[in-house]
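Using this note's numbering, you'd call the opening residue of the sequence shown number 1 and step up by one each time.
There could be a bad hint or two in this list.
To be verified - With a straight-line Cα cutoff of 30 angstroms, these simulated DSBU-like cross-link-like pairs (lysine-lysine) come out:
(1) Lys-71 x Lys-135
(2) Lys-21 x Lys-71
(3) Lys-107 x Lys-135
(4) Lys-107 x Lys-21
By construction, these hints were calculated from the structure, which means they are not laboratory data. Fair warning: this is a prediction, and the values are worked out from it, not measured in the lab.
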Amino acid sequence: TAGTDTVMLSPETAIGQYPVKAVEAMAQICLGAERQFRHDTDFESAKRGLTRADEAIAMAAMFLSEHIELKGIVALTESGGTARHLSRFRAAVPVFALSRFDAARRKMSLMRDVFPIHFDTRGLSPGVAARSAAKQLHDLGLLAAGDRVIVTNGDSMERRGATNTLRLLEIGAGGHVEGLGDL
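Whenever a hint applies, use it, and build me the whole structure from the sequences.
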């Protein structure tokens, strides 16, 4: 199962006689369920179900997040699809999902371990967009010098479902972003 990203109380439960106890009980149930959840690292079974490039890139990013030291995955996304895949595959690090679209960021705010941030890629080449996104995260205080990230994006920056690229980048002094050579 892919799990769930969000749980909600019904209006009746939320405004009932014991709303605090209801939320506490729900929190205990969620924490218990998470402890029981077995993280799926069976890449053979997962890759048999891959049908799109953005899914494959998300799977590769998830694999790398478990095998090299990273501070996060940066997904440049128009629709939030790549962020959805990363959330489903449960990467070992936070996913910073950057999009210029309010609707996409609202949807992504409900995804597990996904942190949507406004970022406009219009007029930027894919390489410049990737480095600019990492620099923005540094400037926001979410990344620091020495941090490594994966950036996913597409060759066509303004097309939905076009994620086909994965980059390994490192934050340098002053937020300068460089390609990662040594792991």
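The hints, checked one at a time:
1. Lys-71 x Lys-135: This hinted pair holds, its Cα atoms lying about 14 angstroms apart.
2. Lys-21 x Lys-71: violated (36 angstroms)
3. Lys-107 x Lys-135: Holds, at about 24 angstroms.
4. Lys-107 x Lys-21: OK: Lys-107 and Lys-21 at ~28 angstroms, within 30 angstroms.
Consistency note: the structure conflicts with earlier hint 2 alone.
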